[in-house]
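Protein chains in written order, with UniProt numbering: chain V, 1 to 303; chain R, 1 to 237.
Think about it this way: if two alpha-carbon atoms lie no more than 25 Å apart in a straight line, the pair counts; the simulated DMTMM-like pairs of lysine to aspartate or glutamate are:
no., chain 1, residue 1, chain 2, residue 2
1, V, Lys-103, R, Asp-225
2, V, Lys-274, V, Asp-290
3, V, Lys-133, R, Asp-77
4, V, Lys-133, V, Glu-81
5, V, Lys-100, R, Asp-225
Quick partial rundown of chain V residues pointing at chain R, CB under 8 Å, derived from the structure:
no., residue
6, Tyr-73
7, Ala-84
8, Val-85
9, His-86
10, Phe-88
11, Lys-100
12, His-102
13, Ala-143
Since the hints were made in silico from the structure, they are not lab data.
Keep in mind that this is a model prediction, so the values were computed, not measured.
Just so it is clear, CB atoms sit at the ideal spot from N, CA and C, and this is done for glycine as well.
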Amino acid sequence: MKTVELTNVSRWYGNVVAINNVTMTLGSGVTGLLGPNGAGKTTLLHMMSGFLAPSQGELLIGGEPAWRNPGIYRHLGLVSEREAVHGFLTAWEFVLASAKLHKLPQPEQAARRAIELVEMTDAQSRRIETFSKGMRQRTRVAAALVHDPEILLLDEPFNGMDPRQRLHMMELLHQMGSSGRTVLFSSHILEEVEEVSGTVQVIVAGRLAASGDYRTIRRLMTHRPHVFAIRSTDDRRLAVALMHEESVNGLDLDQGGLTVRAGDYGAFTRALPKIALREGLRVRQLIPSDESLESVFAYLITA
Amino acid sequence: MNLTIAGITARGLFGRRRFLLLFPLPVLLLVLTLAAKGAGVAPDHWAPSVIDGMGFAVMVPVIALIVGTGVLGSEIDDGTVVHILAKPLPRHQIIVAKLVVAAGITAVTSAVPMFIVGVLVDSVRFGVALAVACLVAALGYSGVFLAMSLLTRRPVLVGLLYVLIWEALLGNVLTGTRVLSIHQYALTVTHAIAPNDLIKAHVGLPAAIAMTGVFLVGGALLAIDRLRSFSVAGETS
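Turn these sequences into a full structure, and let the hints steer you where they fit.
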């Protein structure tokens with residue numbers, strides 16, 4: 001397994017600090033790189049892909065420095081944000097050229113496999129300049145996958161794809177992650193990240209704001225109450241009983257049921273069944289309603 | 001040489017409209033030659049102006065500038081260079097392929113009309129001399145202009161300054177600057193192969209050959225080093 005390791009990496013442009021002392025290790029599986037616009041995601045990906053030198057710190061791809069080291073591309077596939085491709089080539093020529101530049105032993109076979117993987121076989125003989133945005137993107141992904149890399153970096157890979165293509169790309173990333181490859185993709189669309197990966201690296205203003213499984217990150221945010229949506233056989237009685245529970249900070253009762261804000265996730269989830277049993281109530285629904293990536297992300301960028 | 005890169009580079013160059021800019025000057029050179037020849041004017045009245053003033057001073061460097069800055073500069077401008085750089089290739093393979101394409105296209109585009117002009121003006125030998133001189137100039141200019149496309153964001157402007165200010169202006173005023181003028185090396189090579197009164201050489205042949213090598217190899221080495229440290233423009237989104 002090849003890893004991406006960043007140790008105290010910073011990057012600045014004159015007086016502007018784009019990336020500030022980021023340390024992270026990416027291993028096998030799919031990781032989402034999240035952050036608001038201008039947070040430094042693209043700068044980070046440029047450094048990881050060897051196209052930008054860190055101003056400070058160490059950045060290793062599979063144990064080798066990324067900067068001034070073309071050898072890393074034997075293990076690394078890159079889909080950059082910029083869409084530029086050689087439009088005068090057909091998709092087949094473009095992917096085949098990539099296979100040849102990687103000096104693969106059977107470039108035609110590798111190109112065929114990569115094009116099949118992104119479902120571009122039918123359009124492979126057309127010039128890339130005639131493609132839609134999504135088709136171009138898939139062609140670029142095929143070129144990045146042609147040498148079957150152990151590490152794949154993608155900057156906004158779902159840009160321009162229609163829903164079906166997007167789903168297919170998500171499946172592809174899932175497959176790559178579960179087969180032991182290290183996949184990192186950036187996106188500003190939270191649903192995409194939530195669909196593809198539980199593990200996130202959140203960059204805010206150039207700093208690593210959070211790292212890991214976003215549900216775990218949420219649970220570690222003890223200063224923010226956890227919100228649960230609850231339906232039971234008698235919501236009013238349950239509300240009264242819950243008000244005595246120490247882990248409950250507040251609650252709302254309306255026709256849709258109970259909304260509980262709990263200060264301690266563990267204490268509340270242990271206490272709720274006991275209270276329901278004691279009151280003779282049946283809990284029909286218990287949903288942690290702010291454990292979505294969107295909530296976690298919103299909490300992080302406003303922290 | 002990496003044939004895949006050379007092939008993509010050549011196709012990219014021929015596929016751009018910029019390529020059409022290569023033809024007006026050779027056509028103009030031939031038209032002027034045919035017109036002067038047709039009018040029956042003696043070659044020593046017009047040939048130096050057409051061959052040196054138009055061919056070597058303008059046509060060859062302009063073609064070299066268009067091609068030399070286009071083989072890599074255009075890919076840097078539109079971002080397609082990333083696809084080539086994100087491959088496990090030693091950077092010298094990329095530069096050598098680009099250099100061969102640039103020098104080859106420049107040499108062919110300029111040597112063919114100059115050969116015809118040489119034959120019409122004097123003899124086949126003079127035509128061959130002009131063609132060889134175009135090849136030498138193409139090598140020197142390509143090394144310089146390829147390096148410029150990695151050293152500056154405005155390679156065409158810097159290249160024009162070199163051709164117009166250094167070679168054309170200072171080369172006529174300060175004779176010492178001719179030692180660093182590819183234009184002068186081309187004249188020297190022409191004179192060495194077909195000595196006549198139409199072309200005058202101001203630099204010795206060994207110096208001209210050695211300096212062409214310095215421009216070519218120096219430009220290539222500089223370009224290789226800069227390509228190793230190629231950074232993508234710093235968007236911070």
